[in-house]
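For the protein sequence lines, the chains are A and B, in the order given. Using this note's numbering, the first residue of the first sequence is number -5, and each one after it goes up by one. Using this note's numbering, the first residue of the second sequence is number 5, and each one after it goes up by one.
I should point out that these hints are in silico values taken from the structure, not numbers from a laboratory.
Below, simulated DSSO-like cross-link-like pairs (lysine-lysine); rule was C-alpha separation at most 27 Å, straight line:
{"hint": "1", "chain 1": "B", "residue 1": "LYS66", "chain 2": "B", "residue 2": "LYS82"}
{"hint": "2", "chain 1": "B", "residue 1": "LYS82", "chain 2": "A", "residue 2": "LYS36"}
{"hint": "3", "chain 1": "B", "residue 1": "LYS66", "chain 2": "A", "residue 2": "LYS(-5)"}
{"hint": "4", "chain 1": "B", "residue 1": "LYS87", "chain 2": "A", "residue 2": "LYS36"}
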Amino acid sequence: KQEVTQIPAALSVPEGENLVLNCSFTDSAIYNLQWFRQDPGKGLTSLLLIQSSQREQTSGRLNASLDKSSGRSTLYIAASQPGDSATYLCAPGKAGTALIFGKGTTLSVSS
Amino acid sequence: EAGVAQSPRYKIIEKRQSVAFWCNPISGHATLYWYQQILGQGPKLLIQFQNNGVVDDSQLPKDRFSAERLKGVDSTLKIQPAKLEDSAVYLCASSSLHPTPGLAGPNEQFFGPGTRLTVL
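If we strip away everything but chain B, and leave its shape as in the complex, we get (with noise of 0.2 Å):
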């Protein structure tokens, strides 16, 4: 079973520059996360999907960030304007309700090798 797929895997922007993510899930998996990951801390939900309906985008500064899931399969994460805050890594994460045995339980995460952008 192929995993969560990402591109890129590195960025540097100048701030103020545009940047985007794409994020391909685990085949099947209806719910995709974008999470946010600044050194030395735990993952930060930016926004998770339910097929291509958002379910919770409280966490995601909406003047500058946007995402969409068009035909509920894959993802794109877009920064506009950068800020110097934004440098981290941006994880993308899928999972099913529905459990695969010897492979995954109901609601199991799994996350992509994620993209490191960096904001100069």
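Chain A extracted, bound-state conformation (with noise of 0.2 Å):
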């Protein structure tokens, strides 16, 4: 059973720092990899999604890489922004299955 871990739960950093969210999980045999954005009271926004066969995916800011055999991936945030501030998830997945998602990081950029 795919079990997803998210270290820290939570960051207070401000603004134009570079920061680091960990992911890891159990099951090194998955699809692809997503990770979310989600605002308090919205529903989930994808930031990049990364398919088994890649190392990292890039978007703007963000950069997202993949370490499958040792069931890593992290997100690095680059020069921070209090825009950026939400809740930042993880969820690998198998083909044509639902994703497992751990409970989060709470970031908070101050300005």
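These two chains come separately, so use the hints to put the complex back together.
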């Protein structure tokens, strides 16, 4: 049974810092992994999708890496901004099946 | 491309009452998911449809929850009777096996805004 752990559970940083969010999962036989952002009271917004054959994906100030064999993924946020404040969720998945989520990392960026 | 639509956005009911949620997935997405997200937790799958067939409902409390996806497009999730512990956000998501260049990868899931249910 897949279990997903995200560390840290919460993070507070001043604006401009580069930061890393960590995700680990127990079953490395995954098809892909998605990183999501969730604002309070909102649904999930897909940030990055990494296929199992890929090592990383980049979108703007976001970079996600995947080490499938060790069951780890990291989300790197460069030059953080107050608008980045949200909960970030990682979710590995197998082909055609539901995603398994961790509890997320709640990020607060102060100006 | 329009996103996943859900309604209502909020619902407050008394315990033992019934409630229904509606979801319209992204056009062309064959796979539809209903997730339950309890405060402070990540979403957990309730049921997955492929077209109008059920793929996985192993975590659906079938004594009180039911879901259908008629014609393989819209879906409804119903709770009857509701319990206090059903208070949560109900999220609908959809995906396609086939990638859309520049927009979506294969099996990339897109979520709706959710329905926040409060059971008193």
